[in-house]
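Peer 1: Here are the chains, one letter per residue:
Protein chains: 2
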Amino acid sequence: MNGITANSTHLLRQINSEALLRFALQEQVFTAAEAMAETGLTRATVLGVCDGLVAAGWLEEVEDPGAAGRGNKGRPARRYQLREAVGVVVGLDAGEGHFTTVVADLRGRELGKRRQSVDSHALGRAGRRAGARKLVRQVLDDAGHSETDVLLTVVGVPAPVDVNGLSPADGEFWQLMNSGFDSELQGPVFVDNDANLAAIAEGAQEPSANVATLLTGERFGAGLIVDGSLLRGPRGGAGEMRFLGSLSGNVSRPEEGSTDGFGALARKWARSAVRSYDGKTVLRKIPGEEINAEVVFKAACEGDPLAEDIIARLGARLAHIAVVLSSLLDIDRVVIAGGISAAIEPVLDHARSLLPGDSGFPLPELVASKLGAEAVVQGAVESALTRIRREPATFFPRT
Amino acid sequence: MNGITANSTHLLRQINSEALLRFALQEQVFTAAEAMAETGLTRATVLGVCDGLVAAGWLEEVEDPGAAGRGNKGRPARRYQLREAVGVVVGLDAGEGHFTTVVADLRGRELGKRRQSVDSHALGRAGRRAGARKLVRQVLDDAGHSETDVLLTVVGVPAPVDVNGLSPADGEFWQLMNSGFDSELQGPVFVDNDANLAAIAEGAQEPSANVATLLTGERFGAGLIVDGSLLRGPRGGAGEMRFLGSLSGNVSRPEEGSTDGFGALARKWARSAVRSYDGKTVLRKIPGEEINAEVVFKAACEGDPLAEDIIARLGARLAHIAVVLSSLLDIDRVVIAGGISAAIEPVLDHARSLLPGDSGFPLPELVASKLGAEAVVQGAVESALTRIRREPATFFPRT
DNA sequence: GGTCATAAATTTATGACCCATATAAACCGT
DNA sequence: ACGGTTTATATGGGTCATAAATTTATGACC
Numbered sequence: 001m002n003g004i005t006a007n008s009t010h011l012l013r014q015i016n017s018e019a020l021l022r023f024a025l026q027e028q029v030f031t032a033a034e035a036m037a038e039t040g041l042t043r044a045t046v047l048g049v050c051d052g053l054v055a056a057g058w059l060e061e062v063e064d065p066g067a068a069g070r071g072n073k074g075r076p077a078r079r080y081q082l083r084e085a086v087g088v089v090v091g092l093d094a095g096e097g098h099f100t101t102v103v104a105d106l107r108g109r110e111l112g113k114r115r116q117s118v119d120s121h122a123l124g125r126a127g128r129r130a131g132a133r134k135l136v137r138q139v140l141d142d143a144g145h146s147e148t149d150v151l152l153t154v155v156g157v158p159a160p161v162d163v164n165g166l167s168p169a170d171g172e173f174w175q176l177m178n179s180g181f182d183s184e185l186q187g188p189v190f191v192d193n194d195a196n197l198a199a200i201a202e203g204a205q206e207p208s209a210n211v212a213t214l215l216t217g218e219r220f221g222a223g224l225i226v227d228g229s230l231l232r233g234p235r236g237g238a239g240e241m242r243f244l245g246s247l248s249g250n251v252s253r254p255e256e257g258s259t260d261g262f263g264a265l266a267r268k269w270a271r272s273a274v275r276s277y278d279g280k281t282v283l284r285k286i287p288g289e290e291i292n293a294e295v296v297f298k299a300a301c302e303g304d305p306l307a308e309d310i311i312a313r314l315g316a317r318l319a320h321i322a323v324v325l326s327s328l329l330d331i332d333r334v335v336i337a338g339g340i341s342a343a344i345e346p347v348l349d350h351a352r353s354l355l356p357g358d359s360g361f362p363l364p365e366l367v368a369s370k371l372g373a374e375a376v377v378q379g380a381v382e383s384a385l386t387r388i389r390r391e392p393a394t395f396f397p398r399t
Numbered sequence: 001m002n003g004i005t006a007n008s009t010h011l012l013r014q015i016n017s018e019a020l021l022r023f024a025l026q027e028q029v030f031t032a033a034e035a036m037a038e039t040g041l042t043r044a045t046v047l048g049v050c051d052g053l054v055a056a057g058w059l060e061e062v063e064d065p066g067a068a069g070r071g072n073k074g075r076p077a078r079r080y081q082l083r084e085a086v087g088v089v090v091g092l093d094a095g096e097g098h099f100t101t102v103v104a105d106l107r108g109r110e111l112g113k114r115r116q117s118v119d120s121h122a123l124g125r126a127g128r129r130a131g132a133r134k135l136v137r138q139v140l141d142d143a144g145h146s147e148t149d150v151l152l153t154v155v156g157v158p159a160p161v162d163v164n165g166l167s168p169a170d171g172e173f174w175q176l177m178n179s180g181f182d183s184e185l186q187g188p189v190f191v192d193n194d195a196n197l198a199a200i201a202e203g204a205q206e207p208s209a210n211v212a213t214l215l216t217g218e219r220f221g222a223g224l225i226v227d228g229s230l231l232r233g234p235r236g237g238a239g240e241m242r243f244l245g246s247l248s249g250n251v252s253r254p255e256e257g258s259t260d261g262f263g264a265l266a267r268k269w270a271r272s273a274v275r276s277y278d279g280k281t282v283l284r285k286i287p288g289e290e291i292n293a294e295v296v297f298k299a300a301c302e303g304d305p306l307a308e309d310i311i312a313r314l315g316a317r318l319a320h321i322a323v324v325l326s327s328l329l330d331i332d333r334v335v336i337a338g339g340i341s342a343a344i345e346p347v348l349d350h351a352r353s354l355l356p357g358d359s360g361f362p363l364p365e366l367v368a369s370k371l372g373a374e375a376v377v378q379g380a381v382e383s384a385l386t387r388i389r390r391e392p393a394t395f396f397p398r399t
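Keeping their order, the protein sequence lines are chains A and B.
Counting along the first sequence from 1, when you hit position 300 you're at 300 in this note's numbering, and nothing is skipped either side.
Counting along the second sequence from 1, when you hit position 372 you're at 372 in this note's numbering, and nothing is skipped either side.
A portion of the hints provided could be inaccurate.
[To be verified] Negatives, chain B to chain A, calculated, CB over 12 Å:
#1 T39
#2 R129
#3 D332
[Said to hold, decoys possible] Below, a sample of chain A positions facing chain B; criterion: calculated Cβ distance under 10 Å:
#4 L12
#5 T42
#6 T45
#7 S208
#8 L231
#9 G239
#10 A264
Source of the hints: derived by calculation from the structure; they are not laboratory data.
All C-beta atoms in this analysis are idealised placements derived from N, C-alpha and C, irrespective of residue type, glycine included.
Please put together the full structure from these sequences, using the hints given.
Peer 2: Written out as structure tokens, the structure is:
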């Protein structure tokens, strides 16, 4: 018996309160009648619960009786809405080279956004923590809020993260990325894998119970949503596609670069191919250091054979991933997310052409994310909102 | 608003009832004090709920005051237990060549078991349905029960099965296997994939949140438990390892035999290898039709080179699967289930030797199931019990 | 402007539930 | 026989959800 649920008499009240609060988080303003339809409770009960929520600081009664001149008969209904001042959520994409952070209200409306380059290896864990706090403070300031307004912060990092927000202790890079943000930031903090958050963002954009979201810029990670829930694994390792290393029959040695994303692969392959390739290619005219994924993709669109070859190799890689995901997890849709997603279409085209059309088995749809470089940060906000919606009572409103 | 939960006044009582019932399903006999410790409710409440459950027919008060001569002081407690006559559950493994069925009481004690060969292709859907009903009737008769005693039947079939118990409409074999048992059998029926049920059985034997169970006799299927829950996919296709076909770099064409289990593969490979191989092998002395997986495994143990080669090929296949599952789903343990599991150890040994030991990444444990050919049936019973434990109130006790 | 219909809020009554406390019952050892 | 101990039962208080009756506010109509 923990003191909180001492009287199970209060349990029912709490259940009703949370249901009503979930409803309030969706609606702009609402009347008792609407809440009755949603929750199935009686008017008396709904009004009682609303009283409680107003007293607790979650709701406020909106006082514009005449204003809403909708042609209603009868006594005008009392109308409630979520208090704006209840608080905000913060999403933070704490990548290796960039931090991006967004403040949003409890309905998901973006109140502020900031992006900043960071040199993680120079900063170290403590430096990343401090940088994150500074950036969050700035964006809160932009939005006219203070740190104490934050009900929940969700942080995305490029590392496997278990349910407790921890990354494997033996991964030096992972420990650097998962820098212990919860000790530095105000309020409750949840840390999650960046690809998982991207998957949550994509799932919010276009709901589907079975999607794989590949976050594939510099590094490679996947967020897997199966049967509507995100897979994690005991060490947070779900979605870590090391199996790509064992593609070529050799089980025991991961292929070099198996953790590289498409962006990194396109760059590496292009730089090395320029030297060994003896055909005609526009890439040769570009200084080696300036060759990157976008240049390669653009060249391919213009018919450059070397670039087209690289697109084909990436497409084959993607098709292989799609087949594995579809067959092993019955995945409906594979989304390519991250900054590279805007230019990825040629790779998708080639991958689609490789998928067997007549196998009789369902094949996943391959699509590019519309969220661009913001997928992770948007997913962090979405994750924060979801957590609050699931258990509103565990977050205390500011009064 | 469905009529059942019309009055949310009764919700709390129902929650308490279900909690108490779950407790009763675990315990043999129990007192109010024990139930109080479990549920956190008051004595008065517990006794009230017990009254209700006795009236509903779930519980009975056990009347042996002096019998339990445990050195207790004070007034003897009233003791309750689950009514034996409440009902039983039935598990049915409706395979391609065999039916196996088990009746068990609500505590999982086996009350009867029967196994029977079937020729599914001769019988057709209707024949399989009728055969299943007949076998279930027999085993119920063995246990001294009738069809009306069955609270729930769970059936395992070798086909993908979605959450509604349906298999893909375009799969002729799958439609034959998933024969529409719910229309033939008495009481509520749930149909599930056989490998999923095997996974549930293994999970019950040795609890672990992340296990893959490979059911690999004649056909190949996997039951995946990730983060403690079983993956299904929208069409029930999770765990359908077609990706094995794209092993060899060719994305578009599934390898022949990619749906074959280890048992079938060992037999096929052995029969064809005997002809092409020109070294010394004991397998040559055996008539082609008598060569099967067990013979091959036994020969390998005795050092036969041809058999050892087959073991090695199977081991490599298993190692590849283990690497994919471990890297993609963070799987802790891979269990080989099915009738072949008793003899599979040499394959496991070889697979373990192929797994990279120094990769720094966690590798899954490879183990053979201890349930042998009964994994699916035991899983079906376990699944039935789990469903009853989860929502006891939806199953009506016989009074 | 007055009357009526309508819809929502409010009040009141009722029954159920859970808890806390008190009282009675049943068993133990001395 | 008599405390000591544990449990069952009874009673009162508090909270809650439902339902019915009542009040309040608004628009439509004459």
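Peer 1: When the hints from earlier in the document are held up against this structure, which numbers fail?
Peer 2: Violated hints: 1, 3, 10; rest satisfied.
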